[in-house]
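2 protein chains.
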Amino acid sequence: MEQNHIVWHDVLITRADRNRLNNHKSGLIWLTGLSAAGKSTIALAVEKELYDRGIRTYVLDGDNVRHGLNSNLGFSPEDRKENIRRIGEVAKLMADAGVLVLTAFISPYREDRDMVRKLFDGDHFAEVFIKCSLEECEKRDPKGLYKKARAGVIKNYTGVSAPYEEPDNPELTVDTECCDIDGAVRQVLEFLSEKRFLATEYTETTES
Amino acid sequence: MEQNHIVWHDVLITRADRNRLNNHKSGLIWLTGLSAAGKSTIALAVEKELYDRGIRTYVLDGDNVRHGLNSNLGFSPEDRKENIRRIGEVAKLMADAGVLVLTAFISPYREDRDMVRKLFDGDHFAEVFIKCSLEECEKRDPKGLYKKARAGVIKNYTGVSAPYEEPDNPELTVDTECCDIDGAVRQVLEFLSEKRFLATEYTETTES
Numbered sequence: 001m002e003q004n005h006i007v008w009h010d011v012l013i014t015r016a017d018r019n020r021l022n023n024h025k026s027g028l029i030w031l032t033g034l035s036a037a038g039k040s041t042i043a044l045a046v047e048k049e050l051y052d053r054g055i056r057t058y059v060l061d062g063d064n065v066r067h068g069l070n071s072n073l074g075f076s077p078e079d080r081k082e083n084i085r086r087i088g089e090v091a092k093l094m095a096d097a098g099v100l101v102l103t104a105f106i107s108p109y110r111e112d113r114d115m116v117r118k119l120f121d122g123d124h125f126a127e128v129f130i131k132c133s134l135e136e137c138e139k140r141d142p143k144g145l146y147k148k149a150r151a152g153v154i155k156n157y158t159g160v161s162a163p164y165e166e167p168d169n170p171e172l173t174v175d176t177e178c179c180d181i182d183g184a185v186r187q188v189l190e191f192l193s194e195k196r197f198l199a200t201e202y203t204e205t206t207e208s
Numbered sequence: 001m002e003q004n005h006i007v008w009h010d011v012l013i014t015r016a017d018r019n020r021l022n023n024h025k026s027g028l029i030w031l032t033g034l035s036a037a038g039k040s041t042i043a044l045a046v047e048k049e050l051y052d053r054g055i056r057t058y059v060l061d062g063d064n065v066r067h068g069l070n071s072n073l074g075f076s077p078e079d080r081k082e083n084i085r086r087i088g089e090v091a092k093l094m095a096d097a098g099v100l101v102l103t104a105f106i107s108p109y110r111e112d113r114d115m116v117r118k119l120f121d122g123d124h125f126a127e128v129f130i131k132c133s134l135e136e137c138e139k140r141d142p143k144g145l146y147k148k149a150r151a152g153v154i155k156n157y158t159g160v161s162a163p164y165e166e167p168d169n170p171e172l173t174v175d176t177e178c179c180d181i182d183g184a185v186r187q188v189l190e191f192l193s194e195k196r197f198l199a200t201e202y203t204e205t206t207e208s
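Listed in order, the protein sequences are those of chains A and B.
Using the numbering used here, read the first sequence as starting at 1 and increasing by one per residue.
Using the numbering used here, read the second sequence as starting at 1 and increasing by one per residue.
This list has only true hints and no planted wrong ones.
DSS-like, lysine-lysine: derived pairs with alpha carbons at most 30 angstroms apart:
hint: 1; chain 1: B; residue 1: Lys-139; chain 2: B; residue 2: Lys-155
hint: 2; chain 1: B; residue 1: Lys-131; chain 2: B; residue 2: Lys-147
hint: 3; chain 1: A; residue 1: Lys-139; chain 2: A; residue 2: Lys-81
hint: 4; chain 1: B; residue 1: Lys-81; chain 2: A; residue 2: Lys-118
hint: 5; chain 1: A; residue 1: Lys-131; chain 2: A; residue 2: Lys-118
hint: 6; chain 1: B; residue 1: Lys-118; chain 2: A; residue 2: Lys-48
hint: 7; chain 1: A; residue 1: Lys-81; chain 2: B; residue 2: Lys-81
hint: 8; chain 1: B; residue 1: Lys-118; chain 2: A; residue 2: Lys-81
hint: 9; chain 1: B; residue 1: Lys-48; chain 2: A; residue 2: Lys-118
None of these hints come from the bench; they were simulated from the model.
So that you can see chain A by itself, here it is in the shape it has in the complex (with noise of 0.2 angstroms):
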């Protein structure tokens, strides 16, 4: 490692600027919750809602991480720590670039996700809990991993054989077996509205 001979150079363009140009504020909405709560669902429908409103969106998730970034990276503790450093990193970058990120991972450690928080100012960053029971998301199991889970053939399953810390003080909590997805997606743009990601003018209000 030799950091400390990087040279530094003066950036000309900001955050604040490029949310000018976009008219719309920038940052990451985190998204956890086990498999099959409904994450991806969720974030993927939300960003349909958002480019339709004119907001530059983006949803990272195991499509697109796991099989490019993070494709050297495995599901122990360690690597499950390096994937979560890494999609901070990369959210981070883009709201940078003025882009409103939707992270869909289960995140099962919560010193993992604070860690992300830590990379944002409070303004550009929200924790969103999908909560469903592990009993109604093994019913689900769309791609049948949690039988494959009990059955040992996947290791280190979250909620089977791998432990989900449930979140102390999300931002929104969404609870998927009470409502539907529509009812889900409406919660999370109500909160997003809330907290200024919807209007159409931006204004700065906190600054990193």
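Fit chain B to the given chain A structure using the hints.
Just chain B now, with coordinates in the frame of chain A:
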């Protein structure tokens, strides 16, 4: 590794959708060259010009990548490879999100740069060689790093104690010994215009 157990979801919003929303093409402009050749300076100045034209850009360079996403990597050949791989994957995600990404990294190995090129379809990627002789770079030596490398204080320094492989067929070569910064920026902007990255009205040409 249990990649075969990852569930895929339908992406509802595509890069083409985002390009339409932004009214411009996204992609990756990869600057390569020796330390002190002028990569970051040119990238940041080009970004300023693009921003003024309403184009969503982002510069990835040592400042925002080596201190964040890649803070756990050093400067060995393997770590340099992983450094470039991650940058390529992040740039791919950002380009997918509608951003025109400019990267400013020495990226000394041809093989590593080609690995990044393969992540993109041709119309959305360009390699720009920021050309400057080692002699001139050593003369500039803005932070005295070449001096430290010659003294052996810094190991594996490109051009001194580690190789730099010039691009075989870069889409553009900018010689920073023959022209000043304004001239270099103009050359890049003209190139981007030719490649239709500056079009005010987005029209789909190639789609991957």
